[in-house]
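Colleague: Those protein sequence lines, which keep their order, are chains P and F. So the first sequence is residues 1 to 314, counted in the numbering used here. So the second sequence is residues 1 to 262, counted in the numbering used here.
Any given hint might turn out to be false.
Claimed, not checked - Sample of chain P residues at the chain F side, in silico, Cβ under 8 Å:
1. P27
2. L97
3. P143
4. R146
5. A180
6. T183
7. A186
8. R188
9. A196
10. A197
11. L271
In short, the hints are calculated from the structure, not lab data. All C-beta atoms, glycine included, are put in the ideal place defined by N, C-alpha and C.
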Amino acid sequence: MRKLMSNRLAVPAFLALLVVGLAFVMPSNFYFRVAALVWISALAVIGLNLLMGFAGQVSLGHAGFFGLGAYSVAILPAQFGLHPVIALIAGGAGCALLAFVVGRPILRLKGHYLAVATLGFGILVSMVISNEAWLTGGPDGMPVPRLALFGWRARGADTWYWITGGLMVIGALLAVNLVASPTGRALRALHDSEVAARVVGVDVGCYKLIVFVISAVYASVAGSALALVNGFITPDAAGFLHSIQLVTMVVLGGMGSILGSVVGAAVLVVLPQALTVFHDYEHLMLGFMMMAFMILLRSGIVPSLSMLIGGRRA
Amino acid sequence: MSVLQVEEIGIAFGGVKAVDHVSFRVNEGDVFSIIGPNGAGKTTLFNLVSGVYQPKYGKVLLEGADVTGLEPQTLARRGLSRTFQNLQVFFRMTARENVMVGRHLKEKRGLLAHILALPATARQNRESAAAADAYLERVGLGGYADTPAAAMPYGALKRLEIARALAAGPKVLLLDEPAAGCNAVETEEIEKLVRNIADEGTTVVLVEHDMKMVMRISDRVHVLEFGKTLAEGTAEEVRTHPKVIEAYLGTHGSKEAAVALG
Numbered sequence: 001m002r003k004l005m006s007n008r009l010a011v012p013a014f015l016a017l018l019v020v021g022l023a024f025v026m027p028s029n030f031y032f033r034v035a036a037l038v039w040i041s042a043l044a045v046i047g048l049n050l051l052m053g054f055a056g057q058v059s060l061g062h063a064g065f066f067g068l069g070a071y072s073v074a075i076l077p078a079q080f081g082l083h084p085v086i087a088l089i090a091g092g093a094g095c096a097l098l099a100f101v102v103g104r105p106i107l108r109l110k111g112h113y114l115a116v117a118t119l120g121f122g123i124l125v126s127m128v129i130s131n132e133a134w135l136t137g138g139p140d141g142m143p144v145p146r147l148a149l150f151g152w153r154a155r156g157a158d159t160w161y162w163i164t165g166g167l168m169v170i171g172a173l174l175a176v177n178l179v180a181s182p183t184g185r186a187l188r189a190l191h192d193s194e195v196a197a198r199v200v201g202v203d204v205g206c207y208k209l210i211v212f213v214i215s216a217v218y219a220s221v222a223g224s225a226l227a228l229v230n231g232f233i234t235p236d237a238a239g240f241l242h243s244i245q246l247v248t249m250v251v252l253g254g255m256g257s258i259l260g261s262v263v264g265a266a267v268l269v270v271l272p273q274a275l276t277v278f279h280d281y282e283h284l285m286l287g288f289m290m291m292a293f294m295i296l297l298r299s300g301i302v303p304s305l306s307m308l309i310g311g312r313r314a
Numbered sequence: 001m002s003v004l005q006v007e008e009i010g011i012a013f014g015g016v017k018a019v020d021h022v023s024f025r026v027n028e029g030d031v032f033s034i035i036g037p038n039g040a041g042k043t044t045l046f047n048l049v050s051g052v053y054q055p056k057y058g059k060v061l062l063e064g065a066d067v068t069g070l071e072p073q074t075l076a077r078r079g080l081s082r083t084f085q086n087l088q089v090f091f092r093m094t095a096r097e098n099v100m101v102g103r104h105l106k107e108k109r110g111l112l113a114h115i116l117a118l119p120a121t122a123r124q125n126r127e128s129a130a131a132a133d134a135y136l137e138r139v140g141l142g143g144y145a146d147t148p149a150a151a152m153p154y155g156a157l158k159r160l161e162i163a164r165a166l167a168a169g170p171k172v173l174l175l176d177e178p179a180a181g182c183n184a185v186e187t188e189e190i191e192k193l194v195r196n197i198a199d200e201g202t203t204v205v206l207v208e209h210d211m212k213m214v215m216r217i218s219d220r221v222h223v224l225e226f227g228k229t230l231a232e233g234t235a236e237e238v239r240t241h242p243k244v245i246e247a248y249l250g251t252h253g254s255k256e257a258a259v260a261l262g
């Protein structure tokens, strides 16, 4: 049991060390900025992995929650004068409520049907954001007020590196806690066999809803963080392509692996930057590399590599 | 007193009456077997009793209370659990974790405590793990606790399902072909286990194709054919029942045999 405890905390501890360690080798502000973007995506992907990798339910509309979180730190301070931190919390709470209301009917669906229903939800959110220009600035986007805490203003890529890195580590910690709890076991159980989970008393519908709400809050907080880092937000954050990107990060990094979520996010954020040296062939290279990853490491990067190295599951 | 009572239950798929006005009563602590040729409706009957299917008509009473059409998870809370003919194991979890899921209803469920990993959650995990180990020991899988279910042999998975169902602490346990696909030694072990479970007071309702095992351990046997009750009685009564012999051996052979013998 002691061993299990140390195992559970190994991943968040490693991620914390990674955030601290990388800070010493970052050559410039640009790198801090890219790393901050990785931590933000990783946060959303950890949440989505709880839904997809652990509970086995797909969502092709998670950028919807990400976008709502992003716009809540833009709109709430501008319209109601709320502090950005309060706006971030309000966005998370609002997304939780929305996920609860939307999730009740659509989580009855399975597989492809659930995929299409969540896709529809995501598109709906991004259309509302694009069309309500009086509130959101429409397709042009809107500015986000700077974060200030007790007179101290968050600015500079390195500051955001630490804030987003901290959020990501906390998100990873809460996720591993959840997975190792009775709730986590119920979620993993319904992934493998809903009927077997039900006959030992697991209320499958209720648990799907719980994990959907949790993953929506992760996405919302990540969205808020991105808006605050960029100081500007456009409807792309809530768009279909972004939803697909999040799902790709989950699958590429490894379903059911918290560390994989961070690796998946890192690969898809960093690769396009690194591949700019190929100029016109950038997207071609990205596509090839993603296909190669999936063919060679078919359980996702982290689970496949850990199986290769020691038969140990990440 | 009958702990489980089924009254005139039935369901149809399209035009096929898969289960047709079947009734039976199961006494507490008994091993009650349901037998019949392939396609007789045994598993469908299990699905009706355990809430996986909704019956078209009829009633199910658990300890005298009407539980017809309740969801499986509600029935589990009322004390009814089951295993499956086709393995329904949580393959991505270890044997211990599989059985820990069986403790679900006995576990404290505070989401916030789980996310924050409060000491109460760690305590709960330890309790569930200890209970799971005891159930694994009981079904003879003590050595498999940390093995991923996907890496376990078939016979062991059959017993893992029983351990998981037992962990839910049921009053009535439905076992759907627990010995199917097992070799002679494994079958004998499962037979001992089933008898042992009943002796300790958990009522067992059994669907099984191994007739030797059924005849040895059943207190009562209920025979189905084409979704209908054919006969019910003690193992001895059922074994010698002419209709049962006919259903299992057929009448064709006996006619031809009679002709051949002149």
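Colleague: Okay, which hints does this one fail, numbers in order?
Modeller: 1, 2, 3, 4 and 11
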